[in-house]
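Chemist: Following the hints, put chains B and C in place on chain A, whose structure we already have.
For the protein sequence lines, the chains are A, B and C, in the order given.
Numbered by UniProt numbering, the letters in the first sequence go through residues 1 to 364 in order.
Numbered by UniProt numbering, the letters in the second sequence go through residues 1 to 285 in order.
Numbered by UniProt numbering, the letters in the third sequence go through residues 1 to 305 in order.
Don't read these hints as lab results, they were simulated from the structure.
Among these hints, one or two may not hold up.
[Unchecked claim] Calculated cross-link-like contacts (lysine-lysine; reagent style DSBU-like; alpha-carbon spacing at most 35 angstroms):
no., chain 1, residue 1, chain 2, residue 2
1, A, K178, B, K201
2, B, K175, C, K161
3, B, K201, C, K293
4, A, K101, A, K15
5, A, K177, B, K175
[Stated by the list, open to error] Label-pair restraints from in silico Cβ distances:
no., chain 1, residue 1, chain 2, residue 2, range
6, A, G122, B, Y107, 34 to 44 angstroms
7, C, L21, B, K7, 29 to 39 angstroms
8, B, L44, C, P248, 54 to 64 angstroms
9, B, Y107, A, R129, 32 to 42 angstroms
10, B, Y107, C, Y40, 29 to 39 angstroms
11, C, G149, B, D54, 25 to 35 angstroms
12, B, T242, C, A190, 16 to 26 angstroms
13, C, Y40, B, P47, 56 to 66 angstroms
14, B, F111, A, Q181, 43 to 53 angstroms
A virtual CB, placed ideally from N, CA and C, is assigned to each residue, including glycine.
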Amino acid sequence: MAEISLKNVVKRYGKVEVVHGINLDIEHNEFVVLVGPSGCGKSTTLRMIAGLEDISDGTVSIGPEVVNDLPPRKRNISMVFQNYALYPHMSVRENLGFGLKIAKHPDDIVAERVNEAAEILGLGELMERAPAELSGGQRQRVAMGRAIVRHPEAFLFDEPLSNLDAKLRVQMRTEIKKLHQKVKTTVVYVTHDQVEAMTLADRIVVMKDGYIEQVGTPMEVFNHPVNTFVASFIGSPPMNLLNATIKGDQVVFSDGTALPVPTRLADLVRDGQEVVFGLRPDDLTPVGHGIAESGKNAKLTLKIALSELLGTETILYTSISGQEAQGKMFGPRNVEPGEVLEFEVAIEKVHLFDAVTGKSVRKQ
Amino acid sequence: MDGSLRKKIGSVATWGLTFILMVVICVPGLWVVLTAFRPNGEVLAKPPVWIPEDPNLNNFAKIFGFGADQVAIPVPAYFTNSLIIALTSTAIALLIGMSGGYAFARYRFSFKNGLFLGLMLSRTVPGIALSLPIFMIWSRIGLIDTKLGLIIVYVALNVPFTIWLIDGFFRQIPKEMSEAAQVDGCTRWQAFWKIEFPLAKSGIASAGIFAFLTSWNEYALASNLTRSTDSKTLPVGLMDFTAQFTIDWAGMSAMAVIIIIPALILTFLVQKHLIAGLTFGGVKG
Amino acid sequence: MATNRPPFWQREQYTPYLLLLPALLTLAFVVVLPLLFSLYTSFTGYRLIRPESLWQWVGLRNYKRIFADGDFWIAFGRTIVFLTIALNLEFLLGLGIALLINRITWGQRTLRTIMMFPMMFSPILVGYQFKFVFNDNIGILNNALQSLGLSDGAIPWLVDKYLANFSIIFAEVWMSTSVFAILLLAGLFAMPRDPLEAAKVDGCNPWQVFRHITLPFLMPFVFIAMTIRSLDVARAYDIVDVMTGGGPAGRTELLWTMIARTGYDNARMGQANAMAYVSILLSIAFTYYFFTKLLAARKYMGGAD
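Just chain A, with the same shape it has in the complex:
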């Protein structure tokens, strides 16, 4: 129930700087996901918000107050840890009530709030058990319960789903989403899984090597990645990124294959520019098996190296001008390796990046 604001936040361990002055404003009740590969500084950033790491430089504020020098307990936040960090010597009920007891709330308030949280999360019959007797999903729920009983200003989640198996992860993802709708609060959520980021976030913050690469809604980040890193990180399977050169109004690959430059970008590229041609597999589909409208599509004839059947769609592994590329086949049929198919390329969905800077070619 408070905005969180990071201004030029830096984290150094000794002489090594791991977070390089990041700026971020998180609004009231917003669900923000920090996503990036391991070592990108996302967890460190979250821990600085929580007060578990010193802030080397810059300021973090929660609500109107700068919290740099406040210990975690005075920041009125709660946190769900990757391994849940349930207290093994306490029952579920004691785990949930611990924070309230420490804050010296009267017993009846503690009981009431614990029961309320238990109800929201469906912990009813587990209340007297020890954490060791719970399954992974149940532990996860208790950890979230422990976070909500205190009615904090903000929830912090540190890769909460990474210890769960794939099926449970999807299920808990939905529960977290529902929880946020029920308990309106500011949420900062850290994950390395871009699917989690896409499904949960109001806004995604993509990080790499201690820098913020892009901040935006899931749609913005997906549809308008600012650089090749974001383009390759968000979306599964990842966007195909192929080296090419601009020649006139065409994008030409090293073997001479040529495709038109998207009309929206025609004025922004110059002749002879080295570019990275970005194409999502969804936009590279065999004729008759696509979802893009076919009017302005270009055609390519490609040889299939391998196909992966996923049920409603098939991933096709092929290559364009010697560079590996993946396409998708919707409404699939069996495809044999070595088969040659004609593909449609949804040209207006193509992204172009400058080959030198990696930055997206777009109107400034």
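Modeler: Chains B and C alone, transformed into the frame defined by chain A:
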């Protein structure tokens, strides 16, 4: 057939070796225990008397000063001294060890490895070598032949190893426990006492028992820093018996039993945690 | 920014030092300070009976004297040989015992507990116990040998030059083998099954499995045991003191008993401190050696940070 025969031989050999092993470990101690319950005359008898003919508690009565023919060795005073010294030094070593062990388990700081190695090396100094300067200094500042003097020495003797063990036990508790508690509203101090301490409790207890045994059993320093009933401990007192012209084997054995009993009881209590602590502290460093 | 910065003792970067302060102060007072004092003393002609001799600086005379003393070198050499034999025997026996107990499923817990007893014995008790066992007149060993008709006379276990040293090593090994056995057993328990099974599938015979899989895995545990053991090798002083007192005629004299005799019985503190320094360096060398081995093995196992 061949395989099962070989298995049989193997298992017979295993049990045979185990039996020999247990005999070697147990018989010397059992012999001392048997001797504690028989008169000294029987010990000296030729041919040897294997089973005590009239087992009794006379030796214990004698060394504790009951009955007609008591020995001149003030075992009750030694026992009290040992108990006071061992308990006090253990309690202090545990507090210091907990504080230091926590520092090693939870913080990064410069010279960490160097400090740890330094602590360990300080434990390396042979007791007898250390006793020389301590003897000289303690004589000057009036700590010689006092319980306090020995307590201070034993605290220092136990601190490095206690730190090693407790460091290991704290390391086994995920750091997130304390962090979660702090986010939940605890100060670091509260997080320690409400979360980390209860979880490491049994490990700390076994470190304590180990420290107790070290103090209880120590001889090289005690024998040179104590002189009278004010501070002499049981191991030092045991040597009183050999100072006499004829060794009172039976009396000495009774005293040995008194020294062993706490060790045996405590061994039962700590064995599991102790092994875990030693290996964890060592392997996971 | 510096609005409500906590006082320095609450700041994260000072906390570990504050936590370590009590430990460091204690050790400074009881170990470091006395050792500096004894280092000084080792350069004086200090004798307990003449206090003013503490200020009598003699330079390296004490060291020259002990290094020129044949008895010192014999005791020093005996100490090295004693440690080498004892540690190796303890390691080999401990390994054997660990492998043996590991094979046993029924009653294993009890066996493990019994195995730990010697570890908990006071060294002085171990010494006394074996003084009793090896006594030539009333010892259980001679009594048993004679009753079984294996020996007709009293064997002088604690008097004969070789037998006395054997007896002392026996007592030492009896006391300390369990450190190795217990830790190696813990190592065997912690051993993952996959590599063992992979090796068997790869066609290794039991000896090869042991040699190439089990033993390397156990090495860190061996070094932990060695490090723990090397911390208090001087415990042997207690054993020797009660069993033979270094005698008869210096036949079982170790460095440590020699220090005690020189310092306390002969009251030559300066000289005793010089010897003490040799013994300290010896212990530190042992510990340091095994500790660095342990660190290396630990890195190899990927456990260190």
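Chemist: Which hints, by number, does the structure contradict?
Modeler: 1, 2, 4, 7, 8, 12
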